[in-house]
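J.: Chains as they are written, first to last, in the working numbering: chain A, 1 to 278; chain B, 1 to 313; chain C, 1 to 264.
Honestly, the hints are just simulated from the structure, not real lab data.
None of the values given here were measured: they were computed from a predicted structure.
The beta carbon of each residue, even a glycine, is placed where N, CA and C say it ideally should be.
Treat each hint with caution, since some may be false.
Facing chain B, according to a computed beta carbon distance under 7 angstroms, are these residues of chain C, among others [said to hold, decoys possible]:
#: 1; residue: S46
#: 2; residue: Y143
#: 3; residue: P170
#: 4; residue: M191
#: 5; residue: N192
#: 6; residue: L197
#: 7; residue: H210
#: 8; residue: L214
#: 9; residue: W217
#: 10; residue: H220
#: 11; residue: S254
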Amino acid sequence: MTRRKKQNLQLIMVCSILLAIVLMTIFAPWLAPYDPLEVNMDLRLLPPCCAHLLGTDALGRDVLSRVIYGGRASLLLAVAATACSMGVGLVIGIIAGYCGGIVDGIITAISNIFQGLPGMVLMIALVGVLERNSKSIILALVITSWVGFSRLVRGEVMKVKSEMYIEGMRCLGSGHLRIILRHVLPNIRTNVILQFTTRLGRVVLSVAGLSYLGLGIQPPTPDWGEMVSGTARRYFRSAPHLLWAPGLCIILLTLSINLLGDLLRDRLDVKQDSVKEL
Amino acid sequence: MVPDIEIQHLSVYFDTAQGPVYAVNDLSTIFRAGRISGVIGESGSGKSVMGMSLLRLLPNTARVTGKCFFGPHELYSMPLRQLRKLRGAAIGLIPQNPGTSLDPVMKLRRQLTEAITTHGKRSRKEAEAQAAKLLQQFGFEEPERILNQYSFQMSGGMNQRLVSALGLACRPGWVIADEPTKGLDAVIRNQVYTVLRQIYAEHHCSMIVITHDLALARRLCDDIRVLYMGQIIEQGTAEEVMEHPYHPYTAGLIYSLPSRGMVPIPLPDPNRLSHSGCPFYPRCPKATARCGKEKPGDYLLPTGGKVRCFLYE
Amino acid sequence: MNKVLELDAVSRNFTSGIFRTHTTWAVDHVSFTLERGKTFGLVGNSGCGKTTLSRIITRVLRPTSGSIRFEGEDIARLDRRQCKTYHRRVQIIFQNPEASLDPSMRIRDSLLEAMAIHHLGESKEARMEKIRATLRQVGLPDYLLSRYPHQISGGEGQRLVICRALLLEPEVLLLDEPTSMLDVSVQASIMNLLRDLQQELGLTYLYITHDIELLGWISHTIGVMQKGRLVEVGSRDQVMDAPVHPYTKELLYSYTHWEGGTIP
Chain A
1 MTRRKKQNLQ LIMVCSILLA IVLMTIFAPW LAPYDPLEVN MDLRLLPPCC AHLLGTDALG
61 RDVLSRVIYG GRASLLLAVA ATACSMGVGL VIGIIAGYCG GIVDGIITAI SNIFQGLPGM
121 VLMIALVGVL ERNSKSIILA LVITSWVGFS RLVRGEVMKV KSEMYIEGMR CLGSGHLRII
181 LRHVLPNIRT NVILQFTTRL GRVVLSVAGL SYLGLGIQPP TPDWGEMVSG TARRYFRSAP
241 HLLWAPGLCI ILLTLSINLL GDLLRDRLDV KQDSVKEL
Chain B
1 MVPDIEIQHL SVYFDTAQGP VYAVNDLSTI FRAGRISGVI GESGSGKSVM GMSLLRLLPN
61 TARVTGKCFF GPHELYSMPL RQLRKLRGAA IGLIPQNPGT SLDPVMKLRR QLTEAITTHG
121 KRSRKEAEAQ AAKLLQQFGF EEPERILNQY SFQMSGGMNQ RLVSALGLAC RPGWVIADEP
181 TKGLDAVIRN QVYTVLRQIY AEHHCSMIVI THDLALARRL CDDIRVLYMG QIIEQGTAEE
241 VMEHPYHPYT AGLIYSLPSR GMVPIPLPDP NRLSHSGCPF YPRCPKATAR CGKEKPGDYL
301 LPTGGKVRCF LYE
Chain C
1 MNKVLELDAV SRNFTSGIFR THTTWAVDHV SFTLERGKTF GLVGNSGCGK TTLSRIITRV
61 LRPTSGSIRF EGEDIARLDR RQCKTYHRRV QIIFQNPEAS LDPSMRIRDS LLEAMAIHHL
121 GESKEARMEK IRATLRQVGL PDYLLSRYPH QISGGEGQRL VICRALLLEP EVLLLDEPTS
181 MLDVSVQASI MNLLRDLQQE LGLTYLYITH DIELLGWISH TIGVMQKGRL VEVGSRDQVM
241 DAPVHPYTKE LLYSYTHWEG GTIP
């Protein structure tokens, strides 16, 4: 009972942090005290004070406003990219797992190739070659992360497919599409959702990483990854306040997403009948 | 001399959202040393929970109250470290599902020698020699070849003999066999029966056989306890219980065997579901109004057995 | 027509090994006939190929050779629509009731689903009406409908699976060890239910089990399988009382004899 309560408490905490970040980015226009793009060269590199709670950056823009706005682009990008790779992985994984045989063999061979590619390097190369906009970032993220989904889905589908009730549905005269949509998908749902949260955490980091390298979200759009890099690095010694707010945001976001994944796994995992020595 | 196992007022319950659910309900009995005691009952009757409670191997949501005396020890409250010394050495377990009770990636040699070296200091060589001897006793003709194999290379009957050998590796005085014939076909069931008989004859150990297989209990056990909803509702010698059942539940169970006519026990009467009396009251064909209000005590039978039913007051 | 299902020299092999050199015949030239309204009992120990045979009859596996005729038509040559009808008229009940129901679906949805596949019943109300009637027929209360498969007992589960099969108004039921995971008293009630249903609805059963005693109680004809072959077929009385094949004798012997003595 107490373990359950502790878990609930953790879940509530993690969810509220996540919700706060999401709400902050959604309602950024109302929350931000200044326009994040407004340049004011007279107020360059101000330390935190009453007017500018987190100070200003090298171009005199309000850091607090930029932090509030900074989650928008990367969060949206990360969710979109993860959803896309989940979609691709789901379709391919179901085809491979359900059909089996030669189809599965070919798909597995292809995913092995993708698995072998070095993720971050490929992503940097792709974004470098393609146009620098959000479409190509999403494309790069999908290409490097669909394999994770498709492998998981393939395994889960194969497991469910070998269950007696699927054979039972066949014997009741049910078609393949009906079996996949009504019986296979609902039964692999939990694991796919879990995979979504863990992947999302990783993709948020990747997006921040790309921005840090100057390949992600392009200035002047405010973004946490870009804020940590760029001008902040140059003024690291004289104006450290530029670094810690966006950095903290990235840490909080990825941490809470990953924790959410872990907690959900504990929560949704029904098989807890371990034997204890009394 | 091997001591008796004496259970006093054992209750095991599981905390659920709907409140505690009792698997075993205020059960007291003495398992006499030197005999094969059968515990029969259907799934959910608490027979496995009772058996496992003796070794304190229960799901971690279980709560146990009561006492269990084993010679000078009280099993439910003694420190775990001491209890571990008893497990295997004094009380051996032959688990359910022989196929899954063996490590599939470990050669049988290591599994057997490990069981022997856990209790008592013996060199590897000695332990291996003893393992080979043990296998021979259990009817394996080439123990050396078997020791180099894995459990999945064995048939169901062979695995059953192997887990029995594991349970007896340290020559315990007591053996608990949990559902030894579950899911086996008639030919293998006969083999298991022969193995258990042989163990009893050769090792002179006392046994508790937990089973739903009435025919096995009849042939193998000296005395039988019938469990229903966590209580012993009838006990007596195997012959008495099986041939002249007193309790309506025992009778119902026996007459639902294919060889005894396959007459089912009636389903619970919906009008009798809420009651405060005998647990079998909702399904009992011989129930009276009193059965729904009072809990029957144990009544001694002229044959020496006990039955928990007002019919024999 | 008296013959519902005819099996003619049905065989199925499985190959293994790198070069597919090792061949095992799981089912080896098995022929028998199911007569309408009767029970054919198939007995054999684990691994004798009886489950493979049931999977061939349900068209999950294809036979390597031989043919199965349902009311005179070869089931390998059915088109899609006929195939669906075949699956409606020939239903299978598996060993483990909990595993034969989708764990993510409430019982109500599982039952509705079966009817929806075959477009039975005019409206949802009509379907629910039929479901309630069939539930009563198999002796189950209505409140089970809103439960999930893991919340019901083995006996209730098996009744539900039988109920699901009956909703489709089948003619043949393949019973693949339907009671081997149940307690004896539950087994007795399921067996009695099956016998009553047969008398009421004129169902044809193929009862597959390793328990020859059960077959003696329910079957009209018994077939004995050993290592993929049907070694003996005969009427219930002939097989139970005067077995011819040594394997049948051994099976019967191991039920009644325990290490030298008979059960009184």
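J.: Determine for every hint whether it applies to the structure shown.
T.: Hint check:
no.	hint	in the structure
1	S46	holds (6 angstroms)
2	Y143	violated (11 angstroms)
3	P170	violated (24 angstroms)
4	M191	holds (6 angstroms)
5	N192	holds (6 angstroms)
6	L197	violated (14 angstroms)
7	H210	holds (4 angstroms)
8	L214	holds (5 angstroms)
9	W217	holds (5 angstroms)
10	H220	violated (16 angstroms)
11	S254	holds (4 angstroms)
Hint check: violations occur at hints 2, 3, 6 and 10; the rest are consistent with the structure.
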